[in-house]
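Participant: This is what each chain is made of:
2 protein chains.
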Amino acid sequence: MKKILLSLAATLLLCAAAFAQQALFGAASTASPVINEDGTVTFRLQDRKAISVQLTGEFLPTQKIETPRGTYETQGVVNLKEGENGVWEYTTEAPVKPELYYYSFLVDGKRVLDQSNVFVYRDVSTLYSVLLVPGDRADLYAIHRVPHGTVSKVWYPSKTAGFDRRLTVYTPAGYEKSKTRYPVVYILHGIGGDEDAWVTQGRATQILDNLIAQGKAKPMIAVFTNGNISQEAAPLENSMGYVNPTMSLPQTMEGTFEHAFPEIVDFIDAHYRTIAKKQSRAICGLSMGGFHTLYTTMNNPDMFNYSGMFSAAIGTGSERQAAHPEIYDNLDGKLATYFSKKPALLWIGIGKTDFLINANNEFRAKLDKAGYPYTYMETDGGHIWRNWRIYLTEFLPLLFQ
Amino acid sequence: MKKILLSLAATLLLCAAAFAQQALFGAASTASPVINEDGTVTFRLQDRKAISVQLTGEFLPTQKIETPRGTYETQGVVNLKEGENGVWEYTTEAPVKPELYYYSFLVDGKRVLDQSNVFVYRDVSTLYSVLLVPGDRADLYAIHRVPHGTVSKVWYPSKTAGFDRRLTVYTPAGYEKSKTRYPVVYILHGIGGDEDAWVTQGRATQILDNLIAQGKAKPMIAVFTNGNISQEAAPLENSMGYVNPTMSLPQTMEGTFEHAFPEIVDFIDAHYRTIAKKQSRAICGLSMGGFHTLYTTMNNPDMFNYSGMFSAAIGTGSERQAAHPEIYDNLDGKLATYFSKKPALLWIGIGKTDFLINANNEFRAKLDKAGYPYTYMETDGGHIWRNWRIYLTEFLPLLFQ
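Note that the protein sequences, when read in sequence, are chains A and B. Just so we're aligned, residue 1 is where the first sequence starts under our numbering, counting upward by one. Just so we're aligned, residue 1 is where the second sequence starts under our numbering, counting upward by one.
Rather than coming from a laboratory, the hints here were simulated on the basis of the structure. Fair warning: there could be bad hints in the mix.
Because identical chains share one entry, a pair is satisfied inside a single copy or across any pair of copies.
To be verified - Only pairs whose alpha carbons sit at most 25 Å apart, straight line, appear in this in silico DSS-like list of lysine-lysine:
| hint | residue 1 | residue 2 |
| --- | --- | --- |
| 1 | Lys110 | Lys49 |
| 2 | Lys110 | Lys81 |
| 3 | Lys49 | Lys81 |
| 4 | Lys352 | Lys278 |
| 5 | Lys334 | Lys110 |
| 6 | Lys177 | Lys277 |
| 7 | Lys177 | Lys159 |
| 8 | Lys64 | Lys352 |
| 9 | Lys334 | Lys81 |
| 10 | Lys216 | Lys278 |
| 11 | Lys366 | Lys341 |
| 12 | Lys110 | Lys369 |
| 13 | Lys97 | Lys177 |
| 14 | Lys159 | Lys366 |
| 15 | Lys216 | Lys97 |
| 16 | Lys218 | Lys159 |
| 17 | Lys352 | Lys159 |
Produce the entire structure from the sequences given, and follow the hints as far as they go.
Facilitator: Structure below.
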């Protein structure tokens, strides 16, 4: 068989004007990243002309930088060593802990992606090379031979927006052939994100597949909304053409999205075999999505039995210039109504060094003072995807039990 | 509203250890590519240290290169001009014709992606920056405000492979709420591709949305298979972890995939509202997928009424070491049986400079000699995605009429 393929490859090679022919010969000659047996990771980049090649990634120890204005911490940078044929290499000193990390190379100070790694995520408007080290909790982020749910890109007609908008919908393994109805969790992204963010960077569908396969979460439908109500869909998935992804879209935190949220719930209940009642509905979100979660929950106290605020962007003052002031008005009264209906779970998670921790502490103090129950998780680190994946793995098993 | 966002952005900036915080500030400062009003396109790259910055792309005129072994044609390369702040720029001399193009920059001879463009496609194991100039036929490749079908990643249990395998399934706009049954087209990728190739590089779901919205194609279900039977799913979408995409996978052109094809058709007929009969079933594929199309059709003469071979990889000798020789045996007899049943369409398309044109001409001579009817399209260019997109736009309107 190999011979045959080689013969086909040779035939293709003979085709002189073969440029862009599915890039059959563009494969990099140096494997990177390689997770070694001892848990260290080797990175390689081939560049015969470079003067220096460096690596920066979330798995490296942070560096302290002294400046006239004070000390700050930044991501670590290490040097690669040049070997034969211009192949630069670096192996981590210690095993890399299981986690999903972003990294980049710096070639003569210029940031470039790992040429040998097609695993790339877009974070707002920047592409990063991705390293996923499975194991421990990060095993939930990897793909295993377990039953897989279906992941669909679905368009719903938004009366509020005046055009069709895209959702990502996860239906659990077995949904298509079963006749049962399922509970639904709505999972919201942060500013600069879209309906793709949680299923790429957030590894949410892998987390769902794995938790459900392990019996740790109930089979459920998950709906990933696009919280930028002015946008049909993620960048390059809408009719705008080349509009660079940005975090400064209009109508993100002024009430229109929360106001319009019930039309998404109605669409999902009309198109999927859902259990269309509060007991079987959950919502959660990160950063701006945590803010959306709070206000969507409180303005619809009979809609969600479970709400999760992950590093929620509360206290940012966004409410003050609302297009729909009724969404943000009288939070205390809404909280009283909401808690009087005894919801099953209000879950709050935030990192110790998150810039939003004070705002979240103030919010929790308000809940404490009124004696409202909630579940709280504080993790290391800041306003980062690592924490949001952790929060999702903690939140999902608590739903619909 | 803008003020609020700026204030939130300022808050985020104040967060000193803000690395990897959704990359809020990684946005490039120079727009690229920009399609200008006169139809020219401007490309920009910022690099203060570069000695030379060049651009190579499918839209540039090809170059003739003289070598001791003869002359060959290669993709054109142009120089960018350095302006202020290390921003290098190039504007095409003439309007760029509507089409989807791949391009790259060469910084001091080193290939890099356009930092300002998150529109990137993976072709086997290489990432390319993408330029889509809408207009003419390429308007079919763009996203418009028309009803959109649903695009799903679905796993089917493969008895042949012994594990679950992933399909991409397109259901046309309105499928979810309608009660009607739909015809199905199966669309197959080439060597090195997978179930993602046609919906990314091939723009197939945009083509379907647009042709259906214009009334030029019937509403239909489209199924994008993974023709690498040893593989669960596309690279990084399977349980193998970091296995670099490659074109030399086992079991691609030795009969196992074609032998197992009916289990995919059974799965689709069992899980979707299909019209489960020959009159409402089509198949097509590019390169290796054209080869798969030929043999899947001929071995199942009652399965497909419409078959499309796009730059089909016939005549490569792959059949000679088949794991399932019965798939490739007695093609002449199978052709006779197939044509005796009067199929609606055998469609063949290939580029004038495709390295497979002789093999396709030989196949057509065989059909001609026997008096078997087929439709033929010959286009400029070679074994390239531009042609495969064109063939798909030609093939789909002919189905289920």
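Participant: Could you run down the list of hints and mark each one as holding or not?
Facilitator: Hints versus structure:
{"no.": "1", "hint": "Lys110 to Lys49", "result": "both (13 Å within a copy, 9 Å between copies)"}
{"no.": "2", "hint": "Lys110 to Lys81", "result": "both (17 Å within a copy, 19 Å between copies)"}
{"no.": "3", "hint": "Lys49 to Lys81", "result": "both (13 Å within a copy, 21 Å between copies)"}
{"no.": "4", "hint": "Lys352 to Lys278", "result": "neither (32 Å within a copy, 62 Å between copies)"}
{"no.": "5", "hint": "Lys334 to Lys110", "result": "neither (51 Å within a copy, 59 Å between copies)"}
{"no.": "6", "hint": "Lys177 to Lys277", "result": "both (23 Å within a copy, 21 Å between copies)"}
{"no.": "7", "hint": "Lys177 to Lys159", "result": "between (32 Å within a copy, 18 Å between copies)"}
{"no.": "8", "hint": "Lys64 to Lys352", "result": "within (18 Å within a copy, 61 Å between copies)"}
{"no.": "9", "hint": "Lys334 to Lys81", "result": "neither (60 Å within a copy, 60 Å between copies)"}
{"no.": "10", "hint": "Lys216 to Lys278", "result": "within (21 Å within a copy, 44 Å between copies)"}
{"no.": "11", "hint": "Lys366 to Lys341", "result": "within (18 Å within a copy, 76 Å between copies)"}
{"no.": "12", "hint": "Lys110 to Lys369", "result": "neither (51 Å within a copy, 61 Å between copies)"}
{"no.": "13", "hint": "Lys97 to Lys177", "result": "neither (39 Å within a copy, 47 Å between copies)"}
{"no.": "14", "hint": "Lys159 to Lys366", "result": "neither (35 Å within a copy, 57 Å between copies)"}
{"no.": "15", "hint": "Lys216 to Lys97", "result": "within (23 Å within a copy, 54 Å between copies)"}
{"no.": "16", "hint": "Lys218 to Lys159", "result": "neither (32 Å within a copy, 28 Å between copies)"}
{"no.": "17", "hint": "Lys352 to Lys159", "result": "neither (40 Å within a copy, 49 Å between copies)"}
The earlier numbered hints that this structure contradicts are 4, 5, 9, 12, 13, 14, 16 and 17.
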